[in-house]
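Now for the letters of each chain:
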Amino acid sequence: MIKHSKFSMLLREPLFHFLLIGAVFFFVFSQMNTGEDENAPQIIITKAKIEALANAFAKAKGRLPTAQEMQTQLEYDIREQVLYREAMAMGLDKDDMIIRRRLTQKMKYLFNDLSVINKASEEELKKFVDEHPSKFMIPATISFAQVYFEPSEHETTLVEDANALLEKLRISTVKESIGLGDRSLLPYDFRNERKTDIDSMFGKEFTKQAFSARTNSWEGPFESAYGVHLIYIHERTEDHLPPLADIRERAQREWMSLKQHEVNEIFYQSLHQRYEIIVDDEVLSDANMSVK
Amino acid sequence: MKNLSNIRQLSLATALALLLTQGLLASDIGLAGTITPDSLVKGLYPGKGYSPYANRDFPSNVYWGDTHLHTGVSLDAGLFGNILGHEDAYRLARGEQITASTGVDVKLSRPLDWLVIADHSDMMGIAADIQSGAPNILADPKGKEWHEGFKKGGKAAGEAAFDLITHFAQMKLPEKLVSDYSPGSKVYDDLWHDITKTADRFNEPGRFTALIGYEWTSVPKGFNMHRNVILRDGGERARQVIPLTTQPPLGTQDPLELYKWLENYEKKTGGKALAISHNGNLSNGWMFPTEDTYAGGKVDKNYVEQRAKWEPLYEVTQIKGDGETHPLLSPNDEFANYGTWAIGNLDLTQLKKDDMLQREYAREALKNGMKLEKKLGTNPYKFGMVGATDSHTSLSTAEEENFFGKSTSVEPSKDRVSHPFIKSKLGEISGDMLLASGYQGVWASENTREGIFDAMKRKETYATTGPRMSVRFFGGWEYTDDDLRSRAPAFRGYEKGVPMGGDLKQAPKGKKAPTFMVYALRDPIGANLDRIQIIKGWMDDKGNTHEKVYDVSWSGDRKPDAKGKLPSVGNTVDLEAANWLNTIGASELATIWTDPDFDANQKSFYYARVIEIPTPRWVVYDKVRLGAEIPKGTQLIHQERAYTSPIWYAPKKK
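Protein chains in written order, with this note's numbering: chain G, 1 to 292; chain R, 1 to 654.
Worth double-checking, as some hints may not be accurate.
[To be verified] Okay, derived cross-link-like pairs now, DMTMM-like style, lysine to aspartate or glutamate, Cα gap no bigger than 20 Å in a straight line:
id, chain 1, residue 1, chain 2, residue 2
1, R, K260, G, E69
2, G, K61, R, D122
3, R, K511, R, D597
4, G, K106, R, E87
5, G, K61, R, E257
6, R, K197, R, E87
7, G, K106, R, D76
8, G, K108, R, D76
9, R, K505, R, E478
10, R, K197, G, E254
11, G, K61, R, E266
12, R, K353, R, D292
13, R, K375, R, E305
14, G, K135, R, E96
15, G, K259, R, E148
16, G, K94, R, D76
17, G, K119, G, E131
18, R, K309, R, E263
19, R, K512, R, D481
20, R, K301, R, E263
21, R, K511, R, E495
22, G, K108, R, E87
Simulated from the structure, these hints should not be mistaken for laboratory data.
Note that the structure is predicted; figures quoted are calculated from it, not measured.
Next comes chain G alone, as it looks inside the complex:
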């Protein structure tokens, strides 16, 4: 458990509040050099505001602000308020792409937040996994030894040379590749490698062959991005769906993520329905023109 840190304790200290508020009053009054106007728009500094500013400062800087820093914070905050309100009054927010996009984003967050998605029941979860197996599939793995043949070392006899060794290996008890074939910087022994990893190392064609070749026997020659290989597959597992117990948490997350998207779409559609979409006549006639 995380205990309340010192500064958050301090934030709760009445004396600290007193000092802060004192500093603020000092600042506010020092700014009040104009005559009083009953109808002047108001910017009200609340205790919550002070706390929020102090809190933000503390989180960013790792310490509490001094009175001077607090004053700077407030000054900025007020400046922003004043300019923001004047700008709004002037209608500067209208058709501003940044504001539009930002508010769109806010709506999305609002939806996400308000729509607390419940976890799936056991049955729902089972069904979900069955309907989306690819999301949870454990990729096939393979363990094998490989013997490499470098094309430039064999000129026209690459495949022949590989086949010659293959025959000999097949009647031997050798199951490892140590000391065989040509030198390569490729690893010669692979343990429990995922299909996708073999794919990124050797290329698609090789992977396909390695995952369909016989196990516990020398096989090949298979072509890769580098040259030609003989392989001895010690073990191979197939793509498989793990038992629900092993993936329950992940399945829940994926399920909730999908539900969230669905709910968002429902929200949007319910709002969209309130609008009548009118296509301007001019657009229609343009469209007709272009169809012709």
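Put chain R on the given structure of chain G with help from the hints.
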């Protein structure tokens, strides 16, 4: 100077001979008395048992990732129309197909192993104010009613949404709800909360690593001083702080303040953090200061110590240009002129002057770092190499044939190549100059937050301009060709020396010059390799710095001319088909190289540069696939590359 095919010792014939002499292939195979692999191995691994995996304590895998991706959460990215968030970015990176903001389906050729989403910290507070108040909402009767409606889904949810919106519009929200969602409320910083939670959700140790980070986008007067912050830790620690911003009153443009933030983060949470700067090429001489800092400070003892402590890496290549070196700084380097963007600052309000270059590029900074170390006791620019995208599309794409551009507005389209990246009264950085770059290869012991972060911290990383070639680089005093011939040279690499990012150990008695083991495999779905080079920088007795590029391994039987220049590898690019052939170059290159000009009294550094054969740039794919018109003068063909972190040498202190 040999390439690998020259040093292959055990050819097929010898292998067979070996088997035969040991009686292995006799017709009585399978009977008792056949040899075990142990006897075959004898002599190959001195001091080791048979299993290469037992007791292995060095990183055996290179993990690919991007430290610098923006999503729609970044204000500028959103403005350009990026509607994808963190979840989408992780899904694409881990190999899923998603739909880009422009409606086009997109998938990576291969998944990445890890990702840092580094959205701009400024303006991250947005939307925060309406986030995550669920328990509070439930406390209010009206809120509860909506909540129930949403839960039911379908029509009821639609009605609830309608009701909620109506209340919003009429300012009739329950007071409790309003106060919960006001700026400055307890939930104010909850976008950060959300970001860190999503990272935790997508972080799957051993499979895909989601490192938490953000970009501190300091750009005083358009001078690019950006840094990405990366945390080693999970959300629980990350949420104890909020990212540092640059806008007043809380934010700051001064890197020293960022270092304080990092210090505070570690102290407060017990976690670990680092920062990576990028695009010195757009800083107009301020990225690697040697005298004064832009923030008004001096490059003094404190500055160099802090920078060395917090910035172990530099992002040397990305979409906004390549920052290894510049032709004016490295006139003898025939590959220096690669995507440098030496035009001006980020918004082109000030043009470039030649004098600025020396404080902008990585190689020169590595050299100046030695000077500063002499003067101030610490080398502030002792960094490793990072390649990243800085893409603002939520799509970490760095391959020429799958490049989704810098921002959503320049995702694949027929005319994107003609959109200027930036245009001002002073000049233009044209759209075709964007680089489809880059990724970072990290040699780590495991694909976890700790594994990746720790490898970054020890600089065991390298940058590429996009292709995923495997590159190893070791420095020591006793490497021999036999080490390279061993079946797993990395064992010897670690046994007898240090990997990329390390410091050369002191020379054993009798050893006059350091040796380096370097080898590279091409990207399995990419282009062959032209050559490996080692770039050396050193400081002479007078304190002046120098550099030299050595070709150390190359394909084919090319011979350097009298001046030592290696003939070009050739060119197989077919511009009509956007294709090339791997009929030139080599799929692997490797060598042991001894510094022929070594002086034990001079500080120096060495890093490897691996150059691919020529391939088409992304613009050519646009032309072939989309029928784009390529502006005159556009570069069509290039040689992609990898830069390893350096290995440093320092004379023994007397």
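Verification of the hints:
1. R/K260 x G/E69: holds (17 Å)
2. G/K61 x R/D122: holds (15 Å)
3. R/K511 x R/D597: This hinted pair holds, its Cα atoms lying about 14 Å apart.
4. G/K106 x R/E87: Holds, at roughly 17 Å.
5. G/K61 x R/E257: Distance ~9 Å between G/K61 and R/E257 Cα, so the pair holds.
6. R/K197 x R/E87: Status holds; Cα separation ~11 Å.
7. G/K106 x R/D76: At roughly 16 Å apart (the allowed maximum being 20 Å), R/D76 and G/K106 satisfy the hint.
8. G/K108 x R/D76: This hinted pair holds, its Cα atoms lying about 18 Å apart.
9. R/K505 x R/E478: holds (11 Å)
10. R/K197 x G/E254: holds (14 Å)
11. G/K61 x R/E266: holds (12 Å)
12. R/K353 x R/D292: OK: R/K353 and R/D292 at ~17 Å, within 20 Å.
13. R/K375 x R/E305: holds (12 Å)
14. G/K135 x R/E96: holds (9 Å)
15. G/K259 x R/E148: holds (15 Å)
16. G/K94 x R/D76: Holds. G/K94 to R/D76 sits at ~19 Å (cutoff 20 Å).
17. G/K119 x G/E131: Judged against 20 Å, a Cα distance of about 17 Å means the pair holds.
18. R/K309 x R/E263: holds (10 Å)
19. R/K512 x R/D481: Distance of about 18 Å is within 20 Å: holds.
20. R/K301 x R/E263: holds (17 Å)
21. R/K511 x R/E495: holds (17 Å)
22. G/K108 x R/E87: holds (14 Å)
Of the numbered hints stated above, none is contradicted by the structure.
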